[in-house]
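Asker: What follows is each chain in one-letter form.
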Amino acid sequence: MSASAEATRLLPRPLIVTLTAVLCAIVLAPILYIVLASLNSDVGVASGEFWPSSFSLDSYTRVWTTADLLTGIVNSLIVCALTAVASALLGTTTAYVLVRYTFTGRLTILRGLVGLQSIPGTLMLLPVFVMFSSAGNYLGLTVIGTRWGLFVAYLTFALPFSTWVMVTYLRGLPRELEEAARTDGASTLVILRRIIFPLSLPAIVVAGIFAFLLGWNDVLFASVLTRPDTHTAAVALQVFGSSQEGGAVPVYSQMMAAALICAVPVVVLYLVFQRYLVGGLTTGGVK
Amino acid sequence: MRQRPLWLLAPGGALMILVILLPLGLAGWISTIDLDQYTLRRWVQAPFIGLGNYTESLGSGLLHSIWISVSFAVLSTLATIPIGIAAALVTQNAYRGRALVRAVFLIPYVLPSFVVATVWRTMLQPDGVVNNWLGADGSLWLSGPRSYWALILVEIWAAWPFIYLMALAALQSVDHEVHEASAVDGATWWPKLTRVVLPYLRGPVLLACLLATLNHINNFTLPFVLFGAPAPDDVNVMPMLVYVTSFQSLRFGLSAAMAVVSLIIIAIPLFAYLRAVRLDVHEEGGRR
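Chains as they are written, first to last, in the working numbering: chain C, 27 to 313; chain Z, 110 to 397.
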């Protein structure tokens, strides 16, 4: 080991090894449990087994008929993809103006973007619910229970978050290209389309993915604003889970399989975009 | 002076006014009217009762929920600080397999809350695997006084990587010269850690703590999926109370008042956070 690496090492080696092992064990024990339990039988999981007495993939085939998981996943994909595209595109445009131009109220808007991410969801849900139900009562529009309604509701969180992600990215982008294009007589729209969007594509993807995840991970809004046929994956799993207790034999193995299935899209997104996403995690607000 | 294309703000701004500012204002108004399932259909005509909902909320368990929420959030944050910093310290130096360890450390944070809660709910069943390990057959984790500690434990498990990420970012910004200077001084690892390195982490970790505390207070998914609604009294955090009051008791006005009160409580760490976070491109000149 080189002297400089020695110098930056902050803890003695045995301590590093011990701490790493302990932390990994704490993280991985429940993860291992989900995988093992999903391969176990329902009776085995209900009796508190950690290591299955028999392994099978039954739970993965049976869960689709036990819980309405497929409808949930399809609905989640539709609503979250829409949310992701809308908030990433609108967020980029808004962030561009906020970063490049000064005007009265700009700091208030920036502060609002950060502050809004910490507004409790329970505070937003009630007025959104009342607005949606009065759209039904006063205008004859059905909003509650539709995917469109859920999409609009998710924008309350996704839009400020995506805009903030784009603000933090765009303020690091050099102005020279835009200035050159402007001297050549390009309009703002052309600059946005030909320079800003291509250059900030990685950040736009990140903003979109985070907006997608905000929707995918939501239980609060979906539990109130959906009906059984517009359930999201999260609500399908939550309803499945809360219907288990008090029954004859709870189908916990299938529930763990369902939980893993719901986690798959998220884990895949993280693995593919890990490098970009970790930076975005520290801007907060996602969870 | 060239034209500022402020009209570009219009689509995003109009949408934000419609889906954020309008509902926020509406929430304030609902908190002053007597809105329930009978008056919901014609809610514009619901009777105005001023601060009636606020005084009633004080008698409906709001103070208890505030106490549960705040103590839960503070305890969770305090417990995640040492774990997060320790994790950042052990992954600071490169070694074979470090990328894998870093990926493992992110798992709890990356998994959706509703998945985490579903798994722990199964593990904490009276006949579940946790009681099997502890040899405590039939102990209740999901109701009764222990549920509070169950909630904190699961929250710690799920949330510590956030502190880890922030601490790691701060560690990486420590200059190499600082390490070398203290190595030349012959400092052993403990004084070097506490006197030289940890002071660098104070600012970023404090910022992370503010944000983490806000996230703990606002966490609805974890208690909702872990315990179901209505939650047991010991884990009746503010978001659960607001949710049950609106969508199970259908006392919308009362619940809006409770939500406004919870916003006021959140405002304290939120303003501290807003003052500390870098908002603008031009930081110099003390303009924030």
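Worth flagging that the hints you see were computed from the coordinates, not collected in a lab. What you are looking at is a predicted structure, and each value in this text was computed from that prediction instead of being measured. Here a beta-carbon is modelled for each residue, glycine too, at the ideal position from N, C-alpha and C. Don't take each hint at face value.
[Said to hold, decoys possible] Label-pair distances were calculated between CB atoms; the ranges are:
1. C:Ile-52 <-> Z:Ala-245: 18 to 24 Å
2. Z:Trp-242 <-> C:Pro-224: 40 to 46 Å
3. Z:Ala-385 <-> C:Gly-131: 45 to 51 Å
4. C:Val-290 <-> Z:Gly-170: 34 to 40 Å
5. C:Val-294 <-> Z:Asp-342: 36 to 42 Å
6. Z:Leu-149 <-> C:Ser-213: 24 to 30 Å
7. Z:Trp-116 <-> C:Trp-90: 45 to 51 Å
8. C:Leu-133 <-> Z:Ala-123: 51 to 57 Å
9. C:Ala-55 <-> Z:Trp-116: 52 to 58 Å
10. C:Trp-90 <-> Z:Arg-384: 48 to 54 Å
[Said to hold, decoys possible] One side only, chain Z facing chain C, incomplete, derived with CB under 8 Å:
11. Val-179
12. Ser-180
13. Thr-231
Asker: All hints are to be evaluated individually against the structure, with a verdict given for each.
Answerer: Results of checking the hints against the structure:
{"no.": "1", "hint": "C:Ile-52 <-> Z:Ala-245: 18 to 24 Å", "verdict": "19 Å, holds"}
{"no.": "2", "hint": "Z:Trp-242 <-> C:Pro-224: 40 to 46 Å", "verdict": "54 Å, violated"}
{"no.": "3", "hint": "Z:Ala-385 <-> C:Gly-131: 45 to 51 Å", "verdict": "22 Å, violated"}
{"no.": "4", "hint": "C:Val-290 <-> Z:Gly-170: 34 to 40 Å", "verdict": "39 Å, holds"}
{"no.": "5", "hint": "C:Val-294 <-> Z:Asp-342: 36 to 42 Å", "verdict": "40 Å, holds"}
{"no.": "6", "hint": "Z:Leu-149 <-> C:Ser-213: 24 to 30 Å", "verdict": "48 Å, violated"}
{"no.": "7", "hint": "Z:Trp-116 <-> C:Trp-90: 45 to 51 Å", "verdict": "49 Å, holds"}
{"no.": "8", "hint": "C:Leu-133 <-> Z:Ala-123: 51 to 57 Å", "verdict": "20 Å, violated"}
{"no.": "9", "hint": "C:Ala-55 <-> Z:Trp-116: 52 to 58 Å", "verdict": "55 Å, holds"}
{"no.": "10", "hint": "C:Trp-90 <-> Z:Arg-384: 48 to 54 Å", "verdict": "50 Å, holds"}
{"no.": "11", "hint": "Val-179", "verdict": "13 Å, violated"}
{"no.": "12", "hint": "Ser-180", "verdict": "17 Å, violated"}
{"no.": "13", "hint": "Thr-231", "verdict": "5 Å, holds"}
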